[in-house]
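Undergrad: Sequence:
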Amino acid sequence: MVQQVCKYKMKLFSTVFFVFFIFSFSGSAKEKKSKVLPSYLQKAYVIQKNAFVYTRPNFDSIQITSIPAGTMVTISKKIYRPETRFGTFYRIYISKPKKIKAYISEIDVVPRYVRSGAQFKINPSFDQVKKKLKYVKDFQFNAEPDAGLDFSDTPLSKMRFIGMTASYSWLTYKSKSSFFPSWFFGLKLSGAGIPISNVITDINLMFSFSPPVIGGDTLKNGYVLMGDFLFKMPLFEAPFFSFQLGAGVMAKLKGALAPSDPALSEVGAGVAGSASLTLKMSDRFSFLMEGKGYYDLSEQGVVPVLVGGLLVAF
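Numbering (this note's numbering), first residue to last: 2 to 315.
Here are the simulated DMTMM-like cross-link-like pairs (lysine to aspartate or glutamate), alpha carbons at most 25 angstroms apart as the crow flies:
1. K44 <-> D128
2. K100 <-> D61
3. K175 <-> D218
4. K50 <-> D61
5. K122 <-> E107
6. K159 <-> D284
7. K50 <-> D284
8. K50 <-> E107
The set of hints was computed from the structure by calculation and includes no laboratory data.
Based on the sequences and whatever the hints tell you, model everything.
TA: So, in structure tokens, the structure goes:
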């Protein structure tokens, strides 16, 4: 009787153990299987410090969020190209801030697979990034608050500036034989990509309350507004200074103020040339010294101008 009870307990224990083993194995297999990506998806590493995620495969679409460098993400194997044909994108599947399907630029990630003909093959760069993941994460600056723009290693000719200027000019009028010295105060916008990409330009707007000459008469009260647009080229450059030559066009508006008729005004135009020296004072601040020459077509004379200013990089 005792032997039968023992055998029954052993059989029951074996059955329970076997069922537990089967369920554990199937659960483990199911969990493992759930981690296998569908054939149309793959893993990838983000390699750009600010990898933006877009709502559509287009750089002009809304930016949803940014992903730190070194992050492993899930993307599509298929590459998407916008109607503009500018850039290529992967579809990306993210869960934060919420679970959505979006797009990321192809140049921002290194995928596990790349297309080879009609098939996909392992991307050798994927394992290389994996081995160097520590350095990629160290490159990820956006994990810390942005301390501001860093211009410490940027050449002056590659920077963009805005600033205030003061200039002393010798205005000329065809009805007068002498120069008219005048102080001008203005605003300068200068640098590459303003407004033409990869081209250094210089935009100036200057204002003076010096009484102008209109119709051969010197007014008691008036103003002179001058502006120029120059294309510039660096001639000499070092870490702390840049010497540039420029050429372009200028425009001028002179008008009367009370007690003269405020409607009295004249417009002129001409060509302009410049030689400027920019001295770097700090990462963002620079001092400008510039000499200009305008040939005023309406007055048929040359206007020399000396300029000084404080510029701020942006």
